[in-house]
Amino acid sequence: MIAADRPLLKIQDLHTRFHTLDGVVNAVDGVDFHVLRGEVLGLVGESGCGKSVTALSILQLLRCPPAEIQGRILFEDEDLLRLSKEDIRKIRGSGISMIFQEPMTSLNPVLKIGEQIAEAVRIHKEMNRRESWQWAVEMLRMVQIPSPGSRSRQYPHKFSGGMRQRAVIAMALSCQPKLILADEPTTALDVTIQAQIMNLMLRLKEEFNTAVVLITHDLGVIAEMADRVVVMYAGKVVEEAPVRELFKDPRHPYTLGLMGSIPVIGRKEKTGRRLHEIPGLVPSPLEKPQGCRFHPRCNKVMDICRVKEPPVVRPSETRRVSCWLEAEDGGRV
Amino acid sequence: MALLEVQGLKKYFPVKQGALSRNIENVRAVDGVSFNLNRGETLGLVGESGCGKSTLGRCILRLIEPTAGKIIFDGRNLIEIGKRELRQVRSSLQIIFQDPFSSLDPRMNVGRIIAEPLRNHLKTSRTEIKDRVAYLLEKVGLHPEQMGRYPHEFSGGQRQRIGIARALALNPLAIICDEPVSALDVSIQAQVINLLIQLQEELNLSYLFIAHDLSVVEHISDRVAVMYLGRIVELATDRELYRNPLHPYTRALLAAVPVPDPDVRKQKILLQGDVPNPVNPPAGCSFHTRCPERKDICSQEEPALRDMGHGHMAACHITA
Numbered sequence: 001m002i003a004a005d006r007p008l009l010k011i012q013d014l015h016t017r018f019h020t021l022d023g024v025v026n027a028v029d030g031v032d033f034h035v036l037r038g039e040v041l042g043l044v045g046e047s048g049c050g051k052s053v054t055a056l057s058i059l060q061l062l063r064c065p066p067a068e069i070q071g072r073i074l075f076e077d078e079d080l081l082r083l084s085k086e087d088i089r090k091i092r093g094s095g096i097s098m099i100f101q102e103p104m105t106s107l108n109p110v111l112k113i114g115e116q117i118a119e120a121v122r123i124h125k126e127m128n129r130r131e132s133w134q135w136a137v138e139m140l141r142m143v144q145i146p147s148p149g150s151r152s153r154q155y156p157h158k159f160s161g162g163m164r165q166r167a168v169i170a171m172a173l174s175c176q177p178k179l180i181l182a183d184e185p186t187t188a189l190d191v192t193i194q195a196q197i198m199n200l201m202l203r204l205k206e207e208f209n210t211a212v213v214l215i216t217h218d219l220g221v222i223a224e225m226a227d228r229v230v231v232m233y234a235g236k237v238v239e240e241a242p243v244r245e246l247f248k249d250p251r252h253p254y255t256l257g258l259m260g261s262i263p264v265i266g267r268k269e270k271t272g273r274r275l276h277e278i279p280g281l282v283p284s285p286l287e288k289p290q291g292c293r294f295h296p297r298c299n300k301v302m303d304i305c306r307v308k309e310p311p312v313v314r315p316s317e318t319r320r321v322s323c324w325l326e327a328e329d330g331g332r333v
Numbered sequence: 334m335a336l337l338e339v340q341g342l343k344k345y346f347p348v349k350q351g352a353l354s355r356n357i358e359n360v361r362a363v364d365g366v367s368f369n370l371n372r373g374e375t376l377g378l379v380g381e382s383g384c385g386k387s388t389l390g391r392c393i394l395r396l397i398e399p400t401a402g403k404i405i406f407d408g409r410n411l412i413e414i415g416k417r418e419l420r421q422v423r424s425s426l427q428i429i430f431q432d433p434f435s436s437l438d439p440r441m442n443v444g445r446i447i448a449e450p451l452r453n454h455l456k457t458s459r460t461e462i463k464d465r466v467a468y469l470l471e472k473v474g475l476h477p478e479q480m481g482r483y484p485h486e487f488s489g490g491q492r493q494r495i496g497i498a499r500a501l502a503l504n505p506l507a508i509i510c511d512e513p514v515s516a517l518d519v520s521i522q523a524q525v526i527n528l529l530i531q532l533q534e535e536l537n538l539s540y541l542f543i544a545h546d547l548s549v550v551e552h553i554s555d556r557v558a559v560m561y562l563g564r565i566v567e568l569a570t571d572r573e574l575y576r577n578p579l580h581p582y583t584r585a586l587l588a589a590v591p592v593p594d595p596d597v598r599k600q601k602i603l604l605q606g607d608v609p610n611p612v613n614p615p616a617g618c619s620f621h622t623r624c625p626e627r628k629d630i631c632s633q634e635e636p637a638l639r640d641m642g643h644g645h646m647a648a649c650h651i652t653a
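Which chain is which? The protein sequence lines are D and Z, in order.
Be aware that the first sequence starts at 1, since it is given in the numbering used here, and climbs by one per residue.
Be aware that the second sequence starts at 334, since it is given in the numbering used here, and climbs by one per residue.
The shape of chain D in the complex, shown without the other chains:
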């Protein structure tokens, strides 16, 4: 196998638990997936499904305890969970960087925008003050901030929401990482600004061959940006597929339910005003259902789903789905 074929990031059997006063919360419960160089992997699911915790576990941005991370997180064949604190700090920013949903909370309000970008470059790239500041201005220009020179000397409150998210992207890209974890990067933005940011991220990805893990609940954003998609529910991966196949032929009842429950412009004339709904609620992380975690909300539930966890079925080389309906014996055990 040549190096280019090997995945950039490979997660194996990741478990992240939180020890709380109410009991142990298994936020991520045996997740595995991989990311190739230069690809956009979409990570979809509703709130509480563990998608953000997965990203935070990769960079170990969780306080341990109460959190406890187990499994293997291989980044360029190195297990991040075995690295020292010092070594993981070197990876953050220069190897893997992160973009958060709310740009205001990830910017320091009392530091100038330029300084916040320059700081990371000084640490990781060993540049001096002047070089790093010039670099910061260049990065701001690249994410299309108008008059980046004077803007770099301003504080975050002077920036609009869209500009802040651009600044955060500039910061994430400043050390030319190989992988960006983007956690709902456009959710807080208006649609016209969202379109600008999505366009920018795709362009930069092409330019630098950066891989992106795009975490979102918005299937529209996934359809426009992702190459492959991993669907999560209650801490587990329920389905994985290349983006076209997922939208053409969703296999897991949860994926199907998600797709039916979003309003699509022009569809109501065909399907009527009632949206398909997934009944019930996302289960509390403290009391996850037995068997298949989706079974209390599933419209195709069978007896076996209530007692036994479904196997991982691979209908093709690039797809997998975790559902008894897909199992060869149809769940008759």
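For the record, the hints were derived by calculation from the structure and aren't laboratory data.
Predicted model, so just to flag it, every value in this text is computed and none were measured.
Which bits of chain D does chain Z cover? Going by a derived footprint, with three or more residues having C-beta under 8 angstroms, they are:
#1 160-171
#2 193-199
#3 210-223
#4 243-250
#5 270-276
Note that beta-carbon positions come from the ideal geometry of N, C-alpha and C, so glycine has one too.
Chain D is already provided as a structure; the job is to place chain Z on it using the hints.
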């Protein structure tokens, strides 16, 4: 006749400065908005953050006092009436808020939250109120036994159902829905949208549905108004507006909506820059600074909202 008629509604927020708090300029949050809402109809109101859509919704109920204009609801001009009469009107004109976490009093149990409007407006016995609360809870898909629980014991979607039950308590004619589903997960969002549609069919309610999500608005609305910087720039039936958008802003908005179909990764009309500051909106057409089709006239003269045929209203020099 329309149930609700809004004419030339304006809301200017003063910007004060100095020791004497002199009024130096105004934020024109709502700047001359007119529309009708008919019985049993849903009028969608879309626009980006800061366009004034939420302020407009609150002005209609006089939760924020409007600066100028007329609000005629069920034959009465709400601007002119006194406090006591306004309270009466509010029993038939209700509002649901976006954030189901901050719009319910955490120290009241659900039964009290829903009974509060009943106790304030009707002189009925305790058992009658209790029956009504139980009926309302069932109507919005919750269990009457949950009456004694507190808001924190419910999920976001369930809280939004409680807010809807409270709004329905006094048999309103119309409900202003201010981003009622934007804080919810997609599968829960579908449940709440379906509930709103079902209640409308059963009770012949009118909705003013304020939201930033164009797909949600298209799904629920009969007619749609698009707002930009405090003004309505286009208003038409949902079919017309989404199939044949006339205003360049509407076209750009629609093009920016991500489509959940990887085969139609479409060419976007990318708008440059951000929404201008409503303290100093651009002269002429307020959209001309970002408009890809602007002409000279656009920066000089303000376009009026005019009928472009078959009731399709738009405010634009280009499409005229």
